[in-house]
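Peer 1: Residue numbers (full-length UniProt numbering): 1 to 446.
Mixed in with the good hints there might be a few duds.
With a straight-line Cα cutoff of 20 Å, these simulated PhoX-like cross-link-like pairs (lysine-lysine) come out [stated by the list, open to error]: (1) 151 x 446; (2) 281 x 197; (3) 198 x 208; (4) 67 x 41; (5) 428 x 75; (6) 233 x 67; (7) 329 x 73; (8) 147 x 170; (9) 170 x 299; (10) 95 x 331; (11) 329 x 363; (12) 428 x 403; (13) 346 x 329; (14) 75 x 147; (15) 198 x 281; (16) 386 x 233; (17) 56 x 67; (18) 430 x 233; (19) 299 x 377; (20) 56 x 297; (21) 430 x 411; (22) 175 x 95; (23) 242 x 73; (24) 299 x 112; (25) 112 x 95; (26) 73 x 428; (27) 242 x 430; (28) 151 x 95; (29) 177 x 151; (30) 147 x 377; (31) 363 x 128; (32) 297 x 208; (33) 242 x 411; (34) 346 x 67; (35) 403 x 147.
Simulated DEER-style distance windows between Cβ atoms [claimed, not checked]: (36) 210 x 124: 54 to 62 Å; (37) 204 x 67: 35 to 43 Å; (38) 207 x 430: 35 to 43 Å; (39) 64 x 133: 16 to 24 Å.
It is worth saying that the hints were derived from the structure and are not from the lab.
By construction, the Cβ of each residue, glycine as well, lies at the ideal position given by its N, Cα and C atoms.
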Amino acid sequence: MNKKAITMLTMSGVIALTGCSGGEAPKDGAAAGGAASGSGKVEISVSSWGAPDERKVFEAVLQDFEKANPNIKVKFQHIPSDYSVKLNTMIAGGKAPDVIFTTDGDFPRWVKQGAFLNIDEMVKASGKLDLNDMWETGLNRYRFDGKVPGKGSLYALPKDIGPSVMYYNKDLFDKYKVPYPSADKPMSWEDALAMWKKLTIDENGDGKTDIYGSGPSWWEGFVWSNNGDVLSKDRKEFTLNKPEGAKAMQFAYDLINVHKVVPDARALQSMNDGQMFEAGKLATITGGRWQVPTYRKLKFNWDVAPIPSATGSWVNGWSGSVGLGVNAKTKFPNESYKLVEWFAGKEGQTKMTELGFSIPNFKSMSNTDVFLQPGQKPEHASVFIKAAENQQAGPWTYLPNPKWSDTFNQKLAEFWVGTEPAQAFLDKMKPIIDKEIQEGNPEVFK
């Protein structure tokens, strides 16, 4: 997913790159192929982004892989900022790593450019992965049929799946005597709004909000839970302006500008929403499993609950994912695939899950103590499993050419701070986005 520098409620495209900041991509040794020494040891390369906690998890998996495969040395390239831009340049210049770490949003574009090997036969020949036990929404987003992602052959495997949930500060709920949200079913919009209002607090009476009920919402989940979608099922037209979508977008807008239970752009200037939650300035925040290692270090009590839903549906948020594919130009496809399979398979999944970083790729692992981790936060880790069963990939994965999404998100940033009703704004956007879809993805119309 993603990587789009979007503001406010459109920031969902950025969440998959959680923790990225500062730094430059390595300039040497990036070309696919590595080296084979006289001893027969092969060197392959892989890159990733990530905050310190994420990097430690990644490196721990690599260490285990090298111990199990002493004939393979892995050169790890950490690219903490502008990952997608830098990898795009590396791919275009033929200098991408042997194993390409991809967001699900970058994947359609890069696979269309020929960056990845088709790994169907490698998966079949190895026989180590039970694809039927993997979350369909995680696996299928790395398929491509030449027109749209989600169908056809596999060109990458998921490193993880990141369903979204509502994190909440239990100490704030206790302090202001607000009942905890249920872990068993999503709250209605009406009940959630009432809860957020009770948790939006001016602590010192100076007329300024010190604590907000919620961080910026991931609007896509509001749309889906109200039976709407951003594009049509055949991906040929913009449909967010239909009543279901417009109502959801208006609700999201009103949380900021009418009810004022969500911080506006000015309130987020000094702290982003993640920092506000960690500082006790947000009672709830939408996020993914990747935040757990960081949140376990917080001094206040917290837990997770389902994201509020218009209809009670668990299709109430997007499930993020990053994948790993074999560079089509690598000199060592078999060794590179071994690393991809290690991350996606039981060995890598167990390590990452034990460290609290992700929900495992395999359904059979999800209801075990490896993931649920009794005695550690969150208490209701099972919420992630229910979310994984129902949530889908974000709309930025719908088509290979994402220009339509970039255009929409740029305009959407203006919507959140403007005064135009959602229906009028979305009706105005439809011909613009429809044209972008047609021009950027002509293969869909053939």
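Peer 1: Would you mind marking each hint as holding or not holding in the structure?
Peer 2: Each hint tested on the structure:
{"no.": "1", "hint": "151 x 446", "verdict": "holds (16 Å)"}
{"no.": "2", "hint": "281 x 197", "verdict": "holds (14 Å)"}
{"no.": "3", "hint": "198 x 208", "verdict": "holds (15 Å)"}
{"no.": "4", "hint": "67 x 41", "verdict": "holds (13 Å)"}
{"no.": "5", "hint": "428 x 75", "verdict": "violated (49 Å)"}
{"no.": "6", "hint": "233 x 67", "verdict": "violated (45 Å)"}
{"no.": "7", "hint": "329 x 73", "verdict": "holds (18 Å)"}
{"no.": "8", "hint": "147 x 170", "verdict": "violated (46 Å)"}
{"no.": "9", "hint": "170 x 299", "verdict": "holds (11 Å)"}
{"no.": "10", "hint": "95 x 331", "verdict": "holds (12 Å)"}
{"no.": "11", "hint": "329 x 363", "verdict": "violated (33 Å)"}
{"no.": "12", "hint": "428 x 403", "verdict": "holds (17 Å)"}
{"no.": "13", "hint": "346 x 329", "verdict": "violated (27 Å)"}
{"no.": "14", "hint": "75 x 147", "verdict": "violated (34 Å)"}
{"no.": "15", "hint": "198 x 281", "verdict": "holds (14 Å)"}
{"no.": "16", "hint": "386 x 233", "verdict": "violated (24 Å)"}
{"no.": "17", "hint": "56 x 67", "verdict": "holds (17 Å)"}
{"no.": "18", "hint": "430 x 233", "verdict": "holds (16 Å)"}
{"no.": "19", "hint": "299 x 377", "verdict": "holds (12 Å)"}
{"no.": "20", "hint": "56 x 297", "verdict": "holds (15 Å)"}
{"no.": "21", "hint": "430 x 411", "verdict": "holds (12 Å)"}
{"no.": "22", "hint": "175 x 95", "verdict": "violated (55 Å)"}
{"no.": "23", "hint": "242 x 73", "verdict": "violated (53 Å)"}
{"no.": "24", "hint": "299 x 112", "verdict": "violated (46 Å)"}
{"no.": "25", "hint": "112 x 95", "verdict": "holds (17 Å)"}
{"no.": "26", "hint": "73 x 428", "verdict": "violated (54 Å)"}
{"no.": "27", "hint": "242 x 430", "verdict": "holds (10 Å)"}
{"no.": "28", "hint": "151 x 95", "verdict": "violated (28 Å)"}
{"no.": "29", "hint": "177 x 151", "verdict": "violated (48 Å)"}
{"no.": "30", "hint": "147 x 377", "verdict": "violated (42 Å)"}
{"no.": "31", "hint": "363 x 128", "verdict": "holds (16 Å)"}
{"no.": "32", "hint": "297 x 208", "verdict": "violated (29 Å)"}
{"no.": "33", "hint": "242 x 411", "verdict": "holds (18 Å)"}
{"no.": "34", "hint": "346 x 67", "verdict": "holds (16 Å)"}
{"no.": "35", "hint": "403 x 147", "verdict": "holds (16 Å)"}
{"no.": "36", "hint": "210 x 124: 54 to 62 Å", "verdict": "holds (58 Å)"}
{"no.": "37", "hint": "204 x 67: 35 to 43 Å", "verdict": "violated (55 Å)"}
{"no.": "38", "hint": "207 x 430: 35 to 43 Å", "verdict": "holds (40 Å)"}
{"no.": "39", "hint": "64 x 133: 16 to 24 Å", "verdict": "holds (21 Å)"}
Of the numbered hints stated above, those contradicted by the structure are hints 5, 6, 8, 11, 13, 14, 16, 22, 23, 24, 26, 28, 29, 30, 32 and 37, listed in ascending order.
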